[in-house]
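Chains A and B, in that order, are what the protein sequence lines are.
What the first sequence shows, in our numbering, is residues 1 to 189, in sequence order.
What the second sequence shows, in our numbering, is residues 1 to 573, in sequence order.
Mixed in with the good hints there might be a few duds.
To be verified - Only pairs whose alpha carbons sit at most 20 Å apart, straight line, appear in this in silico DMTMM-like list of lysine to aspartate or glutamate:
| no. | chain 1 | residue 1 | chain 2 | residue 2 |
| --- | --- | --- | --- | --- |
| 1 | A | Lys125 | A | Asp157 |
| 2 | B | Lys322 | A | Asp157 |
| 3 | A | Lys89 | B | Glu327 |
As the list claims (entries may be wrong) - Label-pair ranges, simulated between beta-carbon atoms:
| no. | chain 1 | residue 1 | chain 2 | residue 2 | range |
| --- | --- | --- | --- | --- | --- |
| 4 | A | Thr97 | B | Pro506 | 31 to 39 Å |
| 5 | B | Glu223 | A | Lys139 | 28 to 36 Å |
| 6 | A | Pro104 | B | Lys40 | 38 to 46 Å |
| 7 | A | Asp115 | B | Glu43 | 52 to 60 Å |
Simulated from the structure, these hints should not be mistaken for lab results.
For glycine and all other residues, C-beta sits at the position ideal for the given N, C-alpha and C.
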Amino acid sequence: MIKCNIMIVGVGGQGTLLASRILGKLASDKNLDCKLSEVHGMAQRGGSVVTFVKMGEKIHSPIIDEGEADIILSFEKLEAVRYINYLKKGGTVIVNTQQIYPMPVITGKCPYPTDILSEIENTCKVIKLDALKIAEEIKNPKSVNVVMIGKLAKTMDISFEDIKKAVESTVPQKTLEGNLEALKRGYNL
Amino acid sequence: MKKLLLGNQGIAQGAYEAGVKVATAYPGTPSTEITENIAKFNEIYAEWAPNEKVALEVAIGASIAGARSIVSMKHVGVNVAADPLFTYAYCGVNAGLVLVCCDDPGMHSSQNEQDSRYYAISAHVPMLEPSDSNEAKEFTKLAFEISEKYDTPVMLRMTTRVSHSQSFVECLERKEIPLKEYKKDITKYAMMPAMARGRRVAVKEREEKLLKDCNDLKINIAEYKGKTGVICAGDTYSYVKEALSDVSVLKLGMVNPLPEKLIKEFCLKCDKIYIVEEMEPVIENAVKKLGINCIGKEVFPVQGEIFPSLIKEKITGEKTDKISSVEVPQRPPVMCAGCPHRGVFYVLSKLKLTVTGDIGCYTLGAQPPLSAVDTVICMGASVGVNHGFIKANPQFSKNSVAVIGDSTFVHSGITGLIDAVYNKGKTTLIILDNSTTGMTGHQNHPATGLTIRNEQTHCLNLKDVCIACGAKKVDEVHSFDIEKIESLIKEHLSYDGVSVIIAKEPCALLNKKMKEKVYFVNDKCVNCRACMKLGCPALQITDGKVEVNKELCTDCGLCGKLCKFGALTEVDR
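Only chain A is shown next, with the shape it has when bound in the complex (with noise of 0.2 Å):
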């Protein structure tokens, strides 16, 4: 993991800036360069959000351009493929298969197009998971976050060690205990 842009994707209010935060501490531990860029105001109310994790030797730019994210890491399922062009070719989508109704489809203007991920199941690699589901076995429906960590470290080759260690310095402590066992089923799915 020398060079990697991850871009993580969600709706307002899932937690993907902890999430980017957890991921700059990791590259901050490993000495690497690193920038994320994150998204604030308007779009953070149940909209669409867009958070950059940029690491490797030296970062430039704390964007990520269409085509250059080595992984989308997309805590909904639709969001999963409304960044698909973001992706570089060859490279990987995991994605956290609950279903947030976006407000076209609450009111019925559109339906939930639930077979979304097959349109890209051809162009790239698609991990997918159940984060929703394990958050909940473990009584903790707000660590979607951390599970979705605990997968994408296993995927990307990163100890154990190391991701809890930083998770460990980014969550507040009294959530520690929790997040600490979403991290475990994310990373040993």
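Since the structure of chain A is provided, determine the placement of chain B on it from the hints.
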């Protein structure tokens, strides 16, 4: 110590290291985190001011009194603060004053895309533009030095991507700067015509000196590599470096004034010059004025952000190979489940009123299915715009209202209300009081009774304010009591004069605890979907039927109140 920080945190760290004593701001994306982070340093006095104009005035007072001071705002905030800015530029400083202005190319969270470099030019103040978090810190410190050396306020321009990206910052110790002595000098600080004429001369002299000196400023850097030259600043510098490896780059750390001598030298060594800048062609026009041929806005857009791929494509002709996109349903931002604004907008939509809106989370009331807002202009505009509607056509007094948030009302809605009363208007104003500045991430303001550091302070009573402004009819109501809201709105619309309804309920996000009860769709549901008109993200259609998403439901009860069939009832979570 090296820390991964947001650009905005970099500025806070820079202010700390530079010995700043006073920091002021009004929250606004993408600038908010600057002052939030400064408030974590006990050595610095920090405050949320009611608006950007007051924030700058407080900083000016501190600067004249001898303390280094910093004031932060989003780009449109500079419009509000422009009056003191243009005149303090004449005065010059005692201790340094830095105004941080965060522009928003691409309008991620703003109502326009103005380029604040033009402000620096027309106010005759120097402007620096960092391109990452460490530069944000370093440039903040340098800005104070320049401010004191050249006797001028200095603007620091950020853009969304620099403000909201994290990169490594070398954090150092604070250097305490003792208070400078204040000496009364009306020729410098009391800007009446006779004094201002004298200061205008000083401004010109300082500008000429700076124009010469900036050629040697260490933040204007020429990197020579190849015959194609690119001139850029701020975020576009990092994009240029990402996109191109064999071009010469002139990175401008100071964007006003521009180092003309350095630019000429750079351009002489290159065969072809590109100017890569977002928004307006400020650098491009200046370079062309020097008689140098360059390519800028012929190939790069004036609107939105300019990313590395576009730079690469326009300069080298190379395109990135990418996977083609797939159409998926849009996911626009929405009012949260349990948002106290929702009920009010439901009623406004039901009554088919013309609604002059304002800036805040409730701007989202303009979106379907509520579609209840007609106009959004700027902070505080709802009241004045409504008054104008009614003066143009008195019919609007019967079928239009103005809506404004609590923080926005304090920011600049109060003056609109005073105007409507003074000029015998008939506006009905609804203040959506959710006890916080919501959209920017929950900052206190004068009507929350808490300071930036959550200390208790006087709580501005909005009802008393409205009465003091001369509104004779002022009613308070709970935001979820939609029956009462509907009857009140009707009553107020038939009232002959300016009146105010204050709908109160704290922001749903302030109470993070999961409610014990949630709503549930029982078998009385006839699938009429009246509840779906609320646009609540916790209500969704699954297999053709309405369902409550209990993860999102906050037990606000609006859907239950709306259902004529008793199909939405409270149950244990």
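Each hint, compared with the structure:
{"no.": "1", "hint": "Lys125(A) with Asp157(A)", "in the structure": "holds, 16 Å"}
{"no.": "2", "hint": "Lys322(B) with Asp157(A)", "in the structure": "violated, 25 Å"}
{"no.": "3", "hint": "Lys89(A) with Glu327(B)", "in the structure": "holds, 19 Å"}
{"no.": "4", "hint": "Thr97(A) with Pro506(B): 31 to 39 Å", "in the structure": "holds, 35 Å"}
{"no.": "5", "hint": "Glu223(B) with Lys139(A): 28 to 36 Å", "in the structure": "violated, 55 Å"}
{"no.": "6", "hint": "Pro104(A) with Lys40(B): 38 to 46 Å", "in the structure": "holds, 41 Å"}
{"no.": "7", "hint": "Asp115(A) with Glu43(B): 52 to 60 Å", "in the structure": "holds, 58 Å"}
Hint compliance for this structure: hints 2, 5 are not met, and every other hint is.
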